[in-house]
Amino acid sequence: MRDTLHRFFRAARGAGVRISPAESIDAMRAAAEVGPADREILRDALLLTMAKSGEEKAALAACFDTFFTHPDFEAPPPANDDQDAAADENGQGEAEPAEGSASAQDSSELGALAQMLLAQDRAAIAAALSSAANAAGLPNIRVFTQRGLFASRVLEQLGIAQLRDDIDALTTSNPADAERLATALGSLRETVSEMVSQALLLYGREETEALRNEILRSAPMARLEQRQIAQMRVLIRQIARRLRERFSKPRKRQRRGHLDVRRTIRRNAAWGGVPFLTAWKRRHRDRPKIVAICDVSGSVAQVSDFFLLLIHSLHEVVSDVRSFAFSGNLIEVSAMLENNKPEEAMKQIMSAVGFGSSDYGRSLADFEKDFMSAVTPQTTVIVLGMPAATISIRAPIS
Amino acid sequence: MAETLSSSASIEAVDRGLASAGYIASRQIATAVYLAEKIEKPILVEGPAGVGKTELAKAIAASRGLEMIRMQCYEGLDEAKALYEWKYAKQLLYTQILKDKLGEVLGGADTLAKALDQLHTFGDVFFSKEFVEPRPLLRALEQPKGCVLLIDEIDKSDAEFESLLLEILSDFQVTIPELGTIAAIVPPTVILTSNGERDLGDALKRRCLHLHIGFPEPKLEERIVETRVPGVSATLRKQLVGFVSQVRTLDLKKLPSVSETIDWAKVLVLLGASELGHELVKDTLNVLLKYEGDIEATMPNVSTFVANAGRQGVFG
Numbered sequence: 000m001r002d003t004l005h006r007f008f009r010a011a012r013g014a015g016v017r018i019s020p021a022e023s024i025d026a027m028r029a030a031a032e033v034g035p036a037d038r039e040i041l042r043d044a045l046l047l048t049m050a051k052s053g054e055e056k057a058a059l060a061a062c063f064d065t066f067f068t069h070p071d072f073e074a075p076p077p078a079n080d081d082q083d084a085a086a087d088e089n090g091q092g093e094a095e096p097a098e099g100s101a102s103a104q105d106s107s108e109l110g111a112l113a114q115m116l117l118a119q120d121r122a123a124i125a126a127a128l129s130s131a132a133n134a135a136g137l138p139n140i141r142v143f144t145q146r147g148l149f150a151s152r153v154l155e156q157l158g159i160a161q162l163r164d165d166i167d168a169l170t171t172s173n174p175a176d177a178e179r180l181a182t183a184l185g186s187l188r189e190t191v192s193e194m195v196s197q198a199l200l201l202y203g204r205e206e207t208e209a210l211r212n213e214i215l216r217s218a219p220m221a222r223l224e225q226r227q228i229a230q231m232r233v234l235i236r237q238i239a240r241r242l243r244e245r246f247s248k249p250r251k252r253q254r255r256g257h258l259d260v261r262r263t264i265r266r267n268a269a270w271g272g273v274p275f276l277t278a279w280k281r282r283h284r285d286r287p288k289i290v291a292i293c294d295v296s297g298s299v300a301q302v303s304d305f306f307l308l309l310i311h312s313l314h315e316v317v318s319d320v321r322s323f324a325f326s327g328n329l330i331e332v333s334a335m336l337e338n339n340k341p342e343e344a345m346k347q348i349m350s351a352v353g354f355g356s357s358d359y360g361r362s363l364a365d366f367e368k369d370f371m372s373a374v375t376p377q378t379t380v381i382v383l384g385m386p387a388a389t390i391s392i393r394a395p396i397s
Numbered sequence: 000m001a002e003t004l005s006s007s008a009s010i011e012a013v014d015r016g017l018a019s020a021g022y023i024a025s026r027q028i029a030t031a032v033y034l035a036e037k038i039e040k041p042i043l044v045e046g047p048a049g050v051g052k053t054e055l056a057k058a059i060a061a062s063r064g065l066e067m068i069r070m071q072c073y074e075g076l077d078e079a080k081a082l083y084e085w086k087y088a089k090q091l092l093y094t095q096i097l098k099d100k101l102g103e104v105l106g107g108a109d110t111l112a113k114a115l116d117q118l119h120t121f122g123d124v125f126f127s128k129e130f131v132e133p134r135p136l137l138r139a140l141e142q143p144k145g146c147v148l149l150i151d152e153i154d155k156s157d158a159e160f161e162s163l164l165l166e167i168l169s170d171f172q173v174t175i176p177e178l179g180t181i182a183a184i185v186p187p188t189v190i191l192t193s194n195g196e197r198d199l200g201d202a203l204k205r206r207c208l209h210l211h212i213g214f215p216e217p218k219l220e221e222r223i224v225e226t227r228v229p230g231v232s233a234t235l236r237k238q239l240v241g242f243v244s245q246v247r248t249l250d251l252k253k254l255p256s257v258s259e260t261i262d263w264a265k266v267l268v269l270l271g272a273s274e275l276g277h278e279l280v281k282d283t284l285n286v287l288l289k290y291e292g293d294i295e296a297t298m299p300n301v302s303t304f305v306a307n308a309g310r311q312g313v314f315g
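As you go down the protein sequences, you meet chains A and B in turn. Numbered per numbering that gives the first Met the number 0, the first sequence spans residues 0 to 397. Numbered per numbering that gives the first Met the number 0, the second sequence spans residues 0 to 315.
Bound conformation, chain A alone (with noise of 0.2 angstroms):
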């Protein structure tokens, strides 16, 4: 039980839920209070412990129904068509039991996994698939290219080989099992490449993200394709939410000002209304301001996406946002981002006032003259646009 939940923690991890090994030991305790018995409870009990979100509860949910389905061993026809058939041969009556004993007798000889697979004994096979998965350490796949290893890895410690010379053996003395042990041995093959896969997507989905993720850091944003944009997404909102956390930390407060009379009074009660401790009236905290400004003409059309992608994101995790988006002039984009989806949001923004040809002067002077009333002390302002244009412009903060 303790392997397998650690081993599901891994999984877990590798699915993008981010669990804490404090929060390993609750979900240890929360599993052995309500017990295996029941998956469902064990289920909810493992989401309740481990899971902090909605995200992080759909993902999870999603990865205990891999994680505790075993790929089920599709059994060889059934023996009865095969001795049915021989029986026909042979004609009926005596041949039947004379089969039976038969392979009963050969079976003892066999080796372990052939006898299994002729007794299509399931649960005996689960249990060995899955002692052979870990003593071929198949937790440890990372990447796909590993998958044909791990398999003959597994069908090692099943004892294929030991079976194909059971298979050999059995082509001369009884044709019949042989066959039938073929049969199983392919199907068993199936089994133990999708118990790979699976295992492939438990584990190695951890450091396959991690690579996928440093290359969309990295590349160049006018280069990417239509299918990876989603993926960004998903790190423009981890970055939205950095953004968020750094400036919604309350500023240091002021410690000079105004006396606060009443505090100073109270505080210094115990020595009979002296003041010896002073009492400062609080500035109002800050509450974080951000006004985006964002480049969408022409000439960075490949990338306005990801800059609206990102004050999208933004809108979403920061309640104070006002966003401007300009390339001849300058419009407030504001409720469209807000009371649409992306794709809606930018298409909007696009064709109201994309595709021109920048003007930040004249941009900037519309901002001035429109909204500057929106830009505090407490406002930081952030100008999306190309580099190599905005490094001589500086935002109008008084």
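Where hints are given, some of them may not hold.
[Said to hold, decoys possible] Listed next, the in silico EDC-like pairs over lysine to aspartate or glutamate satisfying Cα-Cα at most 20 angstroms (straight line):
1. B:LYS252 with A:GLU315
2. A:LYS56 with B:ASP201
3. B:LYS37 with B:ASP170
4. A:LYS288 with B:GLU74
5. A:LYS288 with B:ASP198
6. A:LYS340 with B:GLU161
[As the list claims (entries may be wrong)] Over 12 angstroms on every C-beta distance to chain A, these chain B residues come out as not near it, computed from the model:
7. ALA20
8. SER25
9. ILE28
10. ALA35
11. LYS86
12. ASP109
13. ASP116
14. GLN142
15. GLY145
16. ILE184
17. ARG197
18. PRO217
19. SER244
20. ASP262
21. GLU278
[To be verified] Computed spacing ranges between beta-carbons, pair by pair:
22. A:GLU193 with B:ALA12: 38 to 46 angstroms
23. A:ARG146 with B:ALA12: 28 to 36 angstroms
24. B:MET298 with A:TRP279: 52 to 60 angstroms
In short, the hints are calculated from the structure, not lab data. Glycine included, every Cβ here is placed at the ideal spot set by N, Cα and C.
Mind docking chain B on chain A? Use the hints.
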């Protein structure tokens, strides 16, 4: 096997306990409550408004026969309002009254050093427990039989307040600099609720079981309506739950939640309705929906929804 049997049985027992307090819980909720008790962890409940987050705490308190201490969070909530405060007025009064006494006590000392020594022997009389005004959090720790502590709408408080909670949530104790650490007599069952107005800190989340309560399945919602509004006939109940669940598929500003369903059911009972009708729905839609825009968006669909709900009523 026996152990697991008992665990699922005890989850059912929790479920029954909550039901007896008038709260119909889904299996997940019951599991969360069970686990919270077993591994002594607070539950952080998230979900849309009106799905019964606060009710859950009340039901737990009622089913266990404990007192519920509620702390409503809001912006600017601080230590003095949540944890404890010194009784300044009392301190002031006592210093005034005891002034003469102080003179008597110190009268025997002829040098300043001696007087100081004598003064030291009294210790911090004015910062003792008598002068502490316990606020909800401290009060919850002081309950001799334990209690249910509801920290409501934690997302409305400031981020600093979360840090204040950490000590209570993980160790069930608070530290008052002048007095030392006060540990809970009986660890309270802590329920935190959040409407997701802002993301909570990881440190807080890590200390809690995270339970998300969404809109209930129609079957569950019917049971909830059944317990809460006993006067509703079975047909009407099915129909109105069916209707509400269809309204939830629309893109509205505020989706109707369980509390709205219950209110609506109460209204329909008051009006003596035995069946959901087209006109009736149009007249009472403002109970279910709280925005003019939402009502307008729903109006055109009313006939279809009523028809669908009616069909469910017949076949369900």
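Comparing the hints with the structure gives:
no., hint, result
1, B:LYS252 with A:GLU315, "holds (16 angstroms)"
2, A:LYS56 with B:ASP201, "holds (15 angstroms)"
3, B:LYS37 with B:ASP170, "holds (15 angstroms)"
4, A:LYS288 with B:GLU74, "holds (18 angstroms)"
5, A:LYS288 with B:ASP198, "holds (17 angstroms)"
6, A:LYS340 with B:GLU161, "violated (32 angstroms)"
7, ALA20, "holds (21 angstroms)"
8, SER25, "violated (10 angstroms)"
9, ILE28, "violated (9 angstroms)"
10, ALA35, "violated (9 angstroms)"
11, LYS86, "violated (9 angstroms)"
12, ASP109, "holds (24 angstroms)"
13, ASP116, "holds (20 angstroms)"
14, GLN142, "holds (25 angstroms)"
15, GLY145, "holds (19 angstroms)"
16, ILE184, "holds (23 angstroms)"
17, ARG197, "violated (8 angstroms)"
18, PRO217, "holds (20 angstroms)"
19, SER244, "holds (20 angstroms)"
20, ASP262, "holds (27 angstroms)"
21, GLU278, "holds (33 angstroms)"
22, A:GLU193 with B:ALA12: 38 to 46 angstroms, "holds (41 angstroms)"
23, A:ARG146 with B:ALA12: 28 to 36 angstroms, "violated (47 angstroms)"
24, B:MET298 with A:TRP279: 52 to 60 angstroms, "holds (56 angstroms)"
In summary, the structure is inconsistent with hints 6, 8, 9, 10, 11, 17, 23 from the numbered list given earlier, while agreeing with the others.
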